[in-house]
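A.B. asks: Chains as they are written, first to last, in my numbering: chain A, 5 to 416; chain B, 5 to 416.
FYI, nobody ran anything at the bench for these hints, they're computed from the structure. A portion of the hints provided could be inaccurate.
Identical copies look the same in the list; a pair holds intra-copy or inter-copy alike.
[Unchecked claim] Below, in silico cross-link-like pairs of lysine to aspartate or glutamate (EDC-like), each with a Cα-Cα straight-line distance of 16 Å or less:
#1 Lys36 with Asp239
#2 Lys323 with Glu376
#3 Lys287 with Glu67
#4 Lys230 with Asp276
#5 Lys125 with Glu147
#6 Lys121 with Glu147
#7 Lys95 with Asp239
#8 Lys60 with Glu21
#9 Lys121 with Glu148
#10 Lys334 with Asp309
#11 Lys128 with Glu148
#12 Lys128 with Asp149
#13 Lys343 with Asp318
#14 Lys230 with Asp249
#15 Lys128 with Glu147
#16 Lys125 with Asp149
#17 Lys34 with Asp131
Small disclaimer: the values here were computed from a predicted structure and weren't measured.
Number of protein chains: 2
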Amino acid sequence: MALKVQKYGGASLATPEKILYVADRIIKEKKKGNKMVVVVSAPGDTTDILIDMAHKIAKNPVERELDMLMATGEQQSIALMSMALINKGHKAKSFTGAQVGIVTDKSHTKARIIKIKGVEKIKKALDEGYIAVVAGFQGITEEEDITTLGRGGSDLTAVALAHALKADTCEFLKDVEGVFTANPHIVKDARKIDYLSYDEMMELASDGAEVLQNRSVEYAKNYGVKLHVRGTFTDKPGTIITKEDKNMEKVVVSGITYNKKEAKISLLDVPDRPGVAAFIFTKIADAGINVDMIIQNISQKGTTDLSFTILRKDVPKIKKVMDEIMKKLKFKKYLIDEKIGKVSIVGVGMKTHIGIASKMFKALADKKINIEMISTSEIKISVVVREEYVEKAVQEIHKAFNLGKSAIKQEK
Amino acid sequence: MALKVQKYGGASLATPEKILYVADRIIKEKKKGNKMVVVVSAPGDTTDILIDMAHKIAKNPVERELDMLMATGEQQSIALMSMALINKGHKAKSFTGAQVGIVTDKSHTKARIIKIKGVEKIKKALDEGYIAVVAGFQGITEEEDITTLGRGGSDLTAVALAHALKADTCEFLKDVEGVFTANPHIVKDARKIDYLSYDEMMELASDGAEVLQNRSVEYAKNYGVKLHVRGTFTDKPGTIITKEDKNMEKVVVSGITYNKKEAKISLLDVPDRPGVAAFIFTKIADAGINVDMIIQNISQKGTTDLSFTILRKDVPKIKKVMDEIMKKLKFKKYLIDEKIGKVSIVGVGMKTHIGIASKMFKALADKKINIEMISTSEIKISVVVREEYVEKAVQEIHKAFNLGKSAIKQEK
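In isolation and in its complexed conformation, chain A is listed as follows (with noise of 0.2 Å):
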């Protein structure tokens, strides 16, 4: 008999209908002796129309009421996923974020969880038979005011309470099947990964990818909880993400992501001198300016090129940011490019093989599709090209490496 924490998203919970379809699936572990505890999110948009409705109240809505607002939308679910549970003849409890005691920091619209208090309250409640209904993404501080996690925060609930409850297993079901090799969309020939590292994992999400929230994957690495990412129309078992082992790097890259939501900022001639680099990245992060990657290239008379990128969405926000800094640090131009995407590679293989930047940069030289910047990490290998190669570039990065579905075969 296994403790399982499941978790279900907004999406398998948007009608009746869905709600009555995952209580089944949910009777279906619990009839195989499983302990049961689900995690589950707000109902389909339920946040958003409740952020909507905070938005005609008050212009900055107050972020202690917004949390309040916000977590009646996980209740709601808690509550008619119980019913649904019951109504089929099972034993189930709704718990919210308080009743679980999911003790957070103050930072009320992405608060941090500290500890959970209620431990006991859901062993007691599946020592008695019942499935626990948890509601995800809310917390609670020590003076009891009520709390959220941040976009994808009922993830995180889901890994914090598989940790408390040492559950052997953490699986969050999902419309896919597990996380592939690339976008199947994209690449017909795309895979589904067996096995992913929290890192790996963490650099797919952190592009296109939204599989899981990366602060959970990061909760999960801290404390080496096993996730497993999986369907929720199949019982095929789907993609597991564990700590690293030998196995996994014999596998150079797991998986292809790309994004086509950024912007390239370039400046030119930037004076080349200490502190320049800290005074520019300091100006946009206080305009509240998310940068993903850095490029500086070699200094040359003193001046050198700078190129970042942002959300295409911060755009507006840049150009007012950009005009105060040229005018202070004087300096010539700066171009915005909106027609950008950006291509990366995963894998923990990647630190002990070499060429396998090159081997990405060829098949992209092959089909003629110009690269405008490079960034590297341990595991990942990150270009920017034109938006209309992204396709036709994850397709043919997936091809040179072999990951697709008739590769695998191939080999056996």
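Here the structure of chain A is known, so what remains is to put chain B in place on it, guided by the hints.
C.D. replies: Same frame as chain A, now just chain B:
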């Protein structure tokens, strides 16, 4: 500086505009130097929408989870109202029933308040200059399960808080300006009542005029909490509900109320022997049917006629019960009449005045309105008439007892 509890119903909170209006209303009181505790219901028809959702999931949703679900409505209200107040530049803080420690028994969907643990928390917030915005309708058991207090339960929350906080006044803000001598839609001359006793309020409310939840009035009576029913859209005083005093008793009839929601059931030639009435009404109660008036006349030849009224919606249910009772008791016949109306006069002065009933009956007789049933209590006289004569009956009785504005002016 007074401590004021104000309660706003769901209709006053149905749209962002209304919430912002009510916020201004609260701020006006705060600016007078009052410490403000505001109790709010769920916005608009949120509670009904939530119940609908539940019924799409489960035919008979389990009550613990129904409470969990319904409680989200008021939680949304407190968050939105607090945002509105803060956005208008005032300190405000929301509190759920759990956060205020409104401890109830375990009777989900109709829980009774046992105590309020969090009084100090509210006092602290008030002392720090906050407007405390408290969720009505909801509480929490000793085991921290969320409960609700039944229809109109927010009224009870307000009264219980006013008592626990020793508030100077407990106000109920309505879209009417107070309690009237009769429904102003029927009686043009109807007059706002300045003072009512708790008992009068309860008798008036038990029929059509759903001004305050009766349990909350009973609670106020038990603890001597003075209530004030007044208009949201006016500053004028409304109706004060307090314990009887001698002045009150001078007013013989305080108000007239009516309903057209009942049906009359008549049992003809029922055996007149001990235990028969007990048998009949136990059967009816077992079927979950609420009986209002009961009339039994004197016995002739060992049998008697028995009549009672129930809500019309229970007519399909009563037929089954009656057929069973008829078979058992072997009486001949029963009649169901759904075309009746009930008209009542209420007033503490009745106790000490004679001739009230006859005056009422004469007012009806003069207009040839036939009385089909009569029932009296210490402070209420009710008659059943044909449904079509109800408005006329109310108007005539109102005139007979000089309850109108014009009558008051004449006396002056």
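A.B. asks: For each hint, tell me whether it holds in the structure or not.
C.D. replies: Now the hints, each set against the structure:
Taking the shortest Cα distances, Lys36 and Asp239 sit within 16 Å of each other inside one copy (13 Å), while across copies they are farther apart (65 Å). When the C-alpha separation of Lys323 and Glu376 is checked against a cutoff of 16 Å, the pair qualifies neither within a copy, at 21 Å, nor between copies, at 83 Å. In this assembly of identical chains, Lys287 and Glu67 lie within 16 Å of each other by CA distance neither inside one copy nor across copies; the values are 25 Å within and 55 Å between. Taking identical chains as interchangeable, the C-alpha atoms of Lys230 and Asp276 are never at most 16 Å apart, the minima being 46 Å within one chain and 76 Å between chains.
For a Cα distance limit of 16 Å, the shortest separation of Lys125 from Glu147 across copies, 10 Å, qualifies, whereas the shortest one inside one copy, 20 Å, does not. In this assembly of identical chains, the alpha carbons of Lys121 and Glu147 lie at most 16 Å apart whether taken from the same copy (14 Å) or from different copies (15 Å). Taking the closest pair of Cα atoms, Lys95 and Asp239 never come within 16 Å of each other, the shortest separation being 23 Å inside a single copy and 52 Å across copies. Within a single copy, Lys60 and Glu21 get their C-alpha atoms only as close as 31 Å, which misses the 16 Å cut-off; across copies the closest is 9 Å, which meets it.
With identical chains, the CA atoms of Lys121 and Glu148 are at most 16 Å apart both within one copy (12 Å) and between copies (14 Å). Taking identical chains as interchangeable, the C-alpha atoms of Lys334 and Asp309 lie at most 16 Å apart only when both belong to the same chain, with a minimum of 14 Å there against 104 Å between chains. Proximity of Lys128 and Glu148 under a CA criterion of 16 Å is satisfied inter-copy only: 15 Å between copies versus 23 Å inside one chain copy. When the C-alpha separation of Lys128 and Asp149 is checked against a cutoff of 16 Å, the pair qualifies only between copies, where the shortest distance is 15 Å, while the shortest distance within a copy is 25 Å.
Taking the shortest alpha-carbon separations for Lys343 and Asp318, only the intra-copy value of 14 Å comes in at or below 16 Å, while the best inter-copy value is 68 Å. Only within a single protomer do Lys230 and Asp249 lie at most 16 Å apart by alpha-carbon distance; the minimum there is 13 Å, versus 72 Å between protomers. For the homomeric pair Lys128 and Glu147, the shortest alpha-carbon distance between copies (13 Å) is at most 16 Å, but the shortest distance inside one copy (25 Å) is not. Proximity of Lys125 to Asp149 under the C-alpha cut-off of 16 Å is restricted to the inter-copy arrangement: shortest distance 12 Å between copies versus 20 Å within a copy.
For the homomeric pair Lys34 and Asp131, the shortest alpha-carbon distance inside one copy (13 Å) is at most 16 Å, but the shortest distance between copies (51 Å) is not.
In terms of the numbered hints stated before, the structure departs from hints 2, 3, 4, 7, listed from lowest to highest.
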